[in-house]
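Respectively, the protein sequence lines represent chains A and B. For the first sequence, my numbering assigns the number 20 to the initial residue and increments by one for each residue that follows. For the second sequence, my numbering assigns the number 20 to the initial residue and increments by one for each residue that follows.
Honestly, the hints are just simulated from the structure, not real lab data. Be aware that one or more of the hints could be misleading.
What the hints assert, rightly or not - Pairwise CB distance ranges (calculated): (1) A:83 x B:57: 13 to 23 Å; (2) B:24 x A:22: 22 to 32 Å; (3) A:79 x B:22: 18 to 28 Å.
To be verified - The list that follows gives simulated cross-link-like pairs (lysine-lysine, DSSO-like), each with its CA atoms no further than 27 Å apart: (4) B:47 x A:49; (5) B:99 x A:99; (6) B:99 x B:49; (7) A:49 x B:99; (8) B:47 x A:47; (9) B:47 x A:99; (10) B:103 x B:49; (11) A:103 x A:47; (12) A:47 x B:103; (13) B:99 x B:47; (14) B:49 x A:99; (15) A:103 x A:49; (16) B:47 x A:103; (17) B:49 x A:47; (18) B:49 x A:103; (19) B:103 x B:47; (20) A:49 x B:49; (21) B:99 x A:47; (22) B:103 x A:103; (23) A:49 x B:103; (24) A:99 x A:47; (25) A:99 x A:49; (26) B:103 x A:99; (27) A:103 x B:99.
These figures come from a predicted structure and were not determined experimentally. Just so you know, even glycine gets a beta-carbon here, dropped at the ideal spot from N, CA and C.
Protein chains: 2
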Amino acid sequence: MSFILLLGLTAATLTTIAFIPQVIKTWKTKSADDLSLGMYSIFCTGVLLWLIYGILIGDIPVIAANTVTLILALTILFFKFFYKE
Amino acid sequence: MSFILLLGLTAATLTTIAFIPQVIKTWKTKSADDLSLGMYSIFCTGVLLWLIYGILIGDIPVIAANTVTLILALTILFFKFFYKE
Chain A
20 MSFILLLGLT AATLTTIAFI PQVIKTWKTK SADDLSLGMY SIFCTGVLLW
70 LIYGILIGDI PVIAANTVTL ILALTILFFK FFYKE
Chain B
20 MSFILLLGLT AATLTTIAFI PQVIKTWKTK SADDLSLGMY SIFCTGVLLW
70 LIYGILIGDI PVIAANTVTL ILALTILFFK FFYKE
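Can you make the complete structure from the sequences, with help from the hints?
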């Protein structure tokens, strides 16, 4: 595997799994007041479009990364509504 | 411009500008307790790798989107340290 491909895959993995600590933190603290509803609304919409884009161009890494990111970001968005102060 | 290209550009724009409402919210409330330090640490590292990847493959959209995202995510990470309880 080339260095550049490995770099891209590492980048994609990090920006995807990054949301896991936020999901765990919010689930544990039951507090989401500081999280921006606007951020997660726009972000989820953008990731959904990335997913559709990946499906249309038939790119497995784009589909895989954005499916996982969408699940994590939607979970945080759900927490934002669920743990309202 | 093709529909698929427009879809990809819209997706990239949304997942980039999504962080603006979080920057504004955290700056206004001066509260970042609910934000995950782990998330923003991993995310900033990932976006930095995306940026290096974009430079190495010479892809302007990847460079542009990740430069803006890195600035916004680093600002939130800075706020997380600065507005510590």
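Hints, verified against the model:
1. A:83 x B:57: 13 to 23 Å: Between residue 83 of chain A and residue 57 of chain B, where Cβ atoms are some 22 Å apart, the hint holds.
2. B:24 x A:22: 22 to 32 Å: Since residue 24 of chain B and residue 22 of chain A have Cβ atoms about 28 Å apart, the given range 22 to 32 Å holds.
3. A:79 x B:22: 18 to 28 Å: For residue 22 of chain B against residue 79 of chain A, whose Cβ atoms are near 21 Å apart, the range 18 to 28 Å holds.
4. B:47 x A:49: 22 Å, holds
5. B:99 x A:99: With a Cα-Cα distance of about 18 Å, the restraint between residue 99 of chain B and residue 99 of chain A holds, given a limit of 27 Å.
6. B:99 x B:49: Given pair residue 99 of chain B, residue 49 of chain B holds - Cα atoms ~9 Å apart, limit 27 Å.
7. A:49 x B:99: Given that 27 Å is the threshold and the Cα spacing comes to 18 Å, the pair holds.
8. B:47 x A:47: 25 Å, holds
9. B:47 x A:99: With a Cα-Cα distance of about 18 Å, the restraint between residue 47 of chain B and residue 99 of chain A holds, given a limit of 27 Å.
10. B:103 x B:49: The hint holds at about 9 Å.
11. A:103 x A:47: This hinted pair holds, its Cα atoms lying about 14 Å apart.
12. A:47 x B:103: 19 Å, holds
13. B:99 x B:47: It holds: about 13 Å lies between the C-alpha atoms, which stays within 27 Å.
14. B:49 x A:99: Holds - the C-alpha atoms of residue 99 of chain A and residue 49 of chain B are around 18 Å apart, at most 27 Å.
15. A:103 x A:49: It holds: about 9 Å lies between the C-alpha atoms, which stays within 27 Å.
16. B:47 x A:103: Given pair residue 47 of chain B, residue 103 of chain A holds - Cα atoms ~19 Å apart, limit 27 Å.
17. B:49 x A:47: 22 Å, holds
18. B:49 x A:103: With Cα atoms ~19 Å apart, residue 49 of chain B and residue 103 of chain A stay inside 27 Å; holds.
19. B:103 x B:47: 14 Å, holds
20. A:49 x B:49: Holds, at roughly 20 Å.
21. B:99 x A:47: Judged against 27 Å, a Cα distance of about 18 Å means the pair holds.
22. B:103 x A:103: Satisfied, since the Cα-Cα distance of roughly 22 Å is no more than 27 Å.
23. A:49 x B:103: 19 Å, holds
24. A:99 x A:47: With Cα atoms ~13 Å apart, residue 99 of chain A and residue 47 of chain A stay inside 27 Å; holds.
25. A:99 x A:49: 9 Å, holds
26. B:103 x A:99: Given pair residue 103 of chain B, residue 99 of chain A holds - Cα atoms ~21 Å apart, limit 27 Å.
27. A:103 x B:99: Judged against 27 Å, a Cα distance of about 21 Å means the pair holds.
Taken one by one, the earlier hints all hold for this structure without exception.
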